[in-house]
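Engineer: As a plain string of letters, each chain reads:
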Amino acid sequence: MKGALLGPQQLKQSLGAAVRALGREGPIALVTAGWQEREDQDEELPAQFGRNLVNLRLYERAERVFAEDPEFAKAHRTRQDQLRQIQEFYKLRLERTFDAAIDIDRKAAGSDFHADELRLSFEQVRRLDQEHLERVTALREAYELQTKPLERPSIARHRRELEKILKAVGLIAIAGGHVAGLLNRLRMFGVKEMLSDHYLIAWSGGAMVTAERVVLFHESPPEGVGISEVLEQGLGLHHGVLPLPNPKLRLKLDDPFRVGWLSRRYLPEKCVALDQGDFVLFDGDTWFGADGTTLLKPDGSTSTEWTS
Amino acid sequence: MSELAIDKLKAHPDGAALDAFMHAHAFPLVEGNKVTFVFRGAVEAVHLKSWVYGLPNSQPLHHLPNTDLWYLTLDIPRKSRVEYKFEIVRHGQGQWIEDPLNKFRATDPFGANSVVHGEGYTVPEWTRQDPDARPGVLEPWIVKSKAFNDVRHFNVYLPARFRKTRRYPLIFCHDGPDYVRFANFKTVLDNLIHRLEIPDVIVALSGSPNRIGEYADDERHARFVTEEAVPDLEARLPLIGAPRGRCLMGASFGGVASLSTAVRYPGFYGRLLLQSGSFAFSDIGHQNKRGPAFEPVVRFMNRFRENPAMVAEKAFISCGMHESLIYENRSLVPMLQATEMDLKYVEARDGHNWENWRDRLREGLAWLFPGPLRMVYE
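Protein chains in written order, with this note's numbering: chain A, 1 to 308; chain B, 1001 to 1378.
Treat the hints with care, as some may be off.
Said to hold, decoys possible - With a Cα cut of at most 25 Å, we get these calculated SDA-like pairs of lysine to any residue:
| # | chain 1 | residue 1 | chain 2 | residue 2 |
| --- | --- | --- | --- | --- |
| 1 | A | Lys148 | B | Lys1314 |
| 2 | A | Lys248 | B | Thr1127 |
| 3 | B | Lys1314 | A | Gly260 |
| 4 | B | Lys1344 | A | Ala100 |
| 5 | A | Lys248 | B | Gly1054 |
| 6 | A | Lys248 | B | Arg1195 |
Unchecked claim - Okay, the calculated beta carbon distance ranges per label pair:
| # | chain 1 | residue 1 | chain 2 | residue 2 | range |
| --- | --- | --- | --- | --- | --- |
| 7 | B | Val1123 | A | Pro153 | 52 to 60 Å |
| 8 | A | Ala168 | B | Pro1131 | 50 to 58 Å |
| 9 | B | Thr1122 | A | Asp285 | 44 to 52 Å |
| 10 | A | Asp255 | B | Ala1293 | 45 to 53 Å |
| 11 | A | Ala142 | B | Gly1054 | 31 to 39 Å |
| 12 | A | Ala21 | B | Val1123 | 42 to 50 Å |
| 13 | B | Gly1054 | A | Ala75 | 52 to 60 Å |
| 14 | A | Lys148 | B | Pro1238 | 50 to 58 Å |
| 15 | B | Ala1293 | A | Ala75 | 48 to 56 Å |
| 16 | B | Pro1243 | A | Lys148 | 29 to 37 Å |
Claimed, not checked - Quick partial rundown of chain B residues pointing at chain A, CB under 10 Å, derived from the structure:
| # | residue |
| --- | --- |
| 17 | Arg1163 |
| 18 | Arg1195 |
| 19 | Glu1197 |
| 20 | Arg1211 |
| 21 | Glu1214 |
| 22 | Leu1239 |
| 23 | Ala1242 |
| 24 | Arg1290 |
| 25 | Trp1367 |
| 26 | Tyr1377 |
No lab work stands behind these hints: they were computed from the structure. Just so you know, even glycine gets a beta-carbon here, dropped at the ideal spot from N, CA and C.
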């Protein structure tokens, strides 16, 4: 797939520049399901893209599905509760492990064991991430087996409509917002399976859910804990990059320890910070034309010269 | 530190210097850790009345000879907030007044106090109305109570984007009307929800016609909240209806009511927010120095201290360093930690007042109910 990943668009808009750089003409299918009940408030986007847009209204469609199909709605809700609980327990494990890693790093500093201790701590965190990802994936697969969402009449009808829209466009644009909700709606209607040679434009949370893994992050939230966490597998529409939008608000790029950890933790994906208006293009596994984006490097430094 | 402004004035206390001093400064005059309180007037004496634990409740201001100026300089640590009044004495009669030179006031159910902000303290911006934040609504609610054999009226806060198809956590707030009036609770909820720092929540803003009695470990109160009010709310509103979605909160005696209700119904509530709880106890006997209203509290706390249990999964406790209850609150922390309750404890350089409780709401609520900030990337 070809496409562009962008940072947030509130303060600096670059959707028009990105779509021009991709060079594909014609109308664009739009997904704003991450905005939830504000999904239809997309009036400003046609001007930013300079094109006609067709909003797929996945959030609204999902609400209609839940209303029409109570059995599915119940199963969906049960799964969400399970996911929330699993995420909470994983986060708890992660926080304790990360705190221990910081303590051990400080205490072992200067000793012969320092490098070894760091490696062990790091491996523990990676193992937690991996196990969590496997658990969540297994839960999703079991849920899909049980509910068969794509075969349900309530969803199949919407899929036929969506398929028609997608066949008439060559580009799909996915806005950010609530990433779990967005990913969930994209999966519920099997949007990935309906794409053929479409180009992708995804910004902020949209860039996150289309990656191989979705990683939640905020290094200084009000509750004081600031360690990133794996949410689940993404759609995998692009490979090799873990998008981290809005770094000024959410990351501490001047802290080499945190930058290095974040970068090494999610290897082999490259952690790439996308600030307001930044974007990078991709064609399959090749990344190019990065405009302002920042690569977080394993040694704790950052670089704007990173594309392949 | 350089010489204080009041010391310069004392060195040359003529009329012109006094006028210049008054013109040049806002009062109380904050200079680093030193705060100079000033009063002007033809009186016989002036006393600073404050409620800072560790300082005398009443301290005389000094008279600057040949002027009508009275002053007192105190050490007030950085980021402190101190509420106070002046007692002025005329014709041998004392009268308590707010500081006429200070525009900052804090209100509470008993009236208002003047407030001095130590260096580094600012009123948090999230306590002020944000025009971008969509306001939630307050809906009147009525619950018939068998426990009290009467009818209870209170308001319920519904978030701006309330939808019947969603499910929300419930916070049962003791002294709810006072939280709204004196701690800007509705504005705080609107703002924290808007900033995604807490999720959309529903808050029952309950009051009591007899809080000193009902909030002091009264079995009827616990029964009213747990067997009447919460089930009624859960039946009529889209609430999570599980411990992780039920929180009890309160300040002072409201803190006691929250803890004692959770103790009477262990595991029913998953979250507690306890601010400056009046957790009086005694180590020998049940005597207490705080008066008869505290007797049931002391009995309750003594029982709980003998057999502490993890009654809720998570608790946020805050207390002001300048209030006498700091000892009781600090004592509670290790005891609850030992029960393996997930606990966050925060102290502030403030007193037993509504603005202290207001200023801690963001940290407490966001810790008990982390918002979708980590989930939303726009």
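Engineer: Does each hint fit the structure? Answer for all of them.
Structural biologist: Okay, the hints, checked on the actual structure:
no., hint, verdict
1, A:Lys148 / B:Lys1314, "violated, 37 Å"
2, A:Lys248 / B:Thr1127, "holds, 24 Å"
3, B:Lys1314 / A:Gly260, "violated, 32 Å"
4, B:Lys1344 / A:Ala100, "holds, 18 Å"
5, A:Lys248 / B:Gly1054, "violated, 43 Å"
6, A:Lys248 / B:Arg1195, "holds, 16 Å"
7, B:Val1123 / A:Pro153: 52 to 60 Å, "holds, 56 Å"
8, A:Ala168 / B:Pro1131: 50 to 58 Å, "violated, 41 Å"
9, B:Thr1122 / A:Asp285: 44 to 52 Å, "holds, 50 Å"
10, A:Asp255 / B:Ala1293: 45 to 53 Å, "holds, 51 Å"
11, A:Ala142 / B:Gly1054: 31 to 39 Å, "violated, 60 Å"
12, A:Ala21 / B:Val1123: 42 to 50 Å, "holds, 46 Å"
13, B:Gly1054 / A:Ala75: 52 to 60 Å, "holds, 59 Å"
14, A:Lys148 / B:Pro1238: 50 to 58 Å, "violated, 27 Å"
15, B:Ala1293 / A:Ala75: 48 to 56 Å, "holds, 52 Å"
16, B:Pro1243 / A:Lys148: 29 to 37 Å, "holds, 33 Å"
17, Arg1163, "holds, 7 Å"
18, Arg1195, "holds, 8 Å"
19, Glu1197, "holds, 5 Å"
20, Arg1211, "violated, 30 Å"
21, Glu1214, "violated, 32 Å"
22, Leu1239, "violated, 14 Å"
23, Ala1242, "holds, 9 Å"
24, Arg1290, "violated, 33 Å"
25, Trp1367, "holds, 4 Å"
26, Tyr1377, "holds, 4 Å"
The structure does not agree with the numbered hints 1, 3, 5, 8, 11, 14, 20, 21, 22, 24 stated previously, though it agrees with the rest.
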